[in-house]
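> All chains, please: the whole structure from these sequences, using the hints.
If you're matching positions, the sequence shown starts at 0 in numbering that gives the first Met the number 0 and goes up one per residue.
Worth flagging that the hints you see were computed from the coordinates, not collected in a lab.
Please note: incorrect hints may appear among the correct ones.
To be verified - In silico lysine-lysine, DSS-like type, Cα no more than 27 Å apart, as pairs:
| id | residue 1 | residue 2 |
| --- | --- | --- |
| 1 | Lys126 | Lys218 |
| 2 | Lys120 | Lys188 |
| 3 | Lys188 | Lys205 |
| 4 | Lys122 | Lys218 |
| 5 | Lys126 | Lys205 |
| 6 | Lys122 | Lys188 |
| 7 | Lys205 | Lys218 |
| 8 | Lys205 | Lys120 |
| 9 | Lys188 | Lys218 |
| 10 | Lys126 | Lys188 |
| 11 | Lys205 | Lys122 |
Claimed, not checked - What follows is a set of in silico ranges between Cβ atoms, one per label pair, in the way DEER data are often shown:
| id | residue 1 | residue 2 | range |
| --- | --- | --- | --- |
| 12 | Ile135 | Val160 | 20 to 28 Å |
| 13 | Leu268 | Ile290 | 17 to 25 Å |
| 14 | Ala189 | Leu132 | 19 to 27 Å |
| 15 | Pro159 | Gln71 | 22 to 30 Å |
| 16 | Glu115 | Asp62 | 50 to 58 Å |
| 17 | Leu268 | Lys65 | 15 to 23 Å |
The structure displayed is predicted, hence computed values, not measured ones.
A virtual CB, placed ideally from N, CA and C, is assigned to each residue, including glycine.
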Amino acid sequence: MNDTADSTLKNTLPQRQFLSIAMENLLELIIRLSGISAIIFVLAIFFFVFREALPIFFSDHFDLAKFLFNTQWYPTSEVNVRYGTFALTFGSISVTFLAMIIAVPFGLGSAIFISEFCGPKMKESLKIIIELLAAIPSVVWGFIGLTVMSRIIVSLTGAPVGVNLLNGGLILALMSVPIIVSISEDALKAVPDSYREAALALGATKWQIIYRVLLPSAKNGLLAAVLLGIGRAVGETMAVLMATGHAVQIPHGPLDSVRTLTANIAAELGEASAGSDHYHVLFLTGILLFIITFAVNLTADLVIRGIRRK
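What follows is the structure in structure tokens.
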């Protein structure tokens, strides 16, 4: 009887090892496919957008130089069709720049406060509030900009219209702050406590520890947080469509109305007939957004590599 049990056990062990190895290989395959799928999806999206935009290059009404540097956007004109996106690009950059001027100091400051000065109960409460802000849909932010923020701007500045560059920048800043705070707080929390203890042992104050130790140690994570905030602002559609005034012009001040690339695509793609030049040029505008995003990510990667070398 014992011999039979021993032989059964010996036969079972190789089977268990085989199943364990098979499960490990399956999990490794799934992880590899998950990583590769992200690249495949991005390439597939780019291929789809490029395929839809390609016919515009063979149109008699299209000039790439005018598309990039002309400020006039009249895609449905009967006499003189113009596809200039310079004002739209400038509008996207200006709204994003204004939003980051507001969001980055508040976001980093909030992250430092939550990480280094808050007690446990207040920290949990603030993190819940930040997560709730991040969960608000963009169309709701657009309604806030259209109905609430516009009235405040008109009453405080005397501007003729409350939907303008300043309105869009404030709304995008409010939308970007939760992302910046969450990532920055994680980056600061990842700094080893031994760094803080060593600085305290040398007699450093709380602010000296933050400025001299924590910020330099977490600079890569903080930069990533800012870049995610920029990506959130550049890619936003509904909020800027409702809060910026949707005027095709180069703004001369924060109280001028603007139109962004994303808002222009969202507003006009549903009205453009499929296969028309207007339809194809809107997809080309999407490629322009791809290029701008790629340039931001590439610049950030080069900056991070430079920081690591130092």
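> Next pair to validate is Lys205 with Lys218; report whether the Cα-Cα distance is within 27 Å.
holds (18 Å)
> Sort out whether Lys188 lies within 27 Å of Lys120, counting only the CA atoms.
With a Cα-Cα distance of about 17 Å, the restraint between Lys120 and Lys188 holds, given a limit of 27 Å.
> Holds or violated: Lys122 and Lys188, Cα atoms, limit 27 Å.
Status holds; Cα separation ~13 Å.
> Please check whether Leu268 and Ile290 have a Cβ separation lying inside 17 to 25 Å.
holds (19 Å)
> What's the verdict on Lys205 and Lys120, does the C-alpha distance respect the 27 Å limit or exceed it?
With a Cα-Cα distance of about 21 Å, the restraint between Lys205 and Lys120 holds, given a limit of 27 Å.
> Does the Cβ pair Ala189, Leu132 satisfy 19 to 27 Å?
Holds: the Cβ-Cβ distance is about 23 Å, inside 19 to 27 Å.
> Just tell me: holds or violated, for the beta carbon distance of Pro159 and Gln71 against 22 to 30 Å?
holds (23 Å)
> Lys188 and Lys218: Cα distance at most 27 Å?
OK: Lys188 and Lys218 at ~12 Å, within 27 Å.
> Using the Cβ atoms, figure out if Leu268 sits within 15 to 23 Å of Lys65.
With a Cβ separation near 21 Å, Leu268 and Lys65 satisfy 15 to 23 Å, so the hint holds.
> Can you let me know if the beta-carbon spacing of Ile135 and Val160 is within 20 to 28 Å?
holds (24 Å)
> Hinted pair, alpha-carbon criterion (27 Å max): Lys188, Lys205. Please report holds or violated.
holds (15 Å)
> Does the Cβ distance between Glu115 and Asp62 fall inside 50 to 58 Å?
Between Glu115 and Asp62, where Cβ atoms are some 55 Å apart, the hint holds.
Violated hints for the displayed structure: none, as all numbered hints are satisfied.
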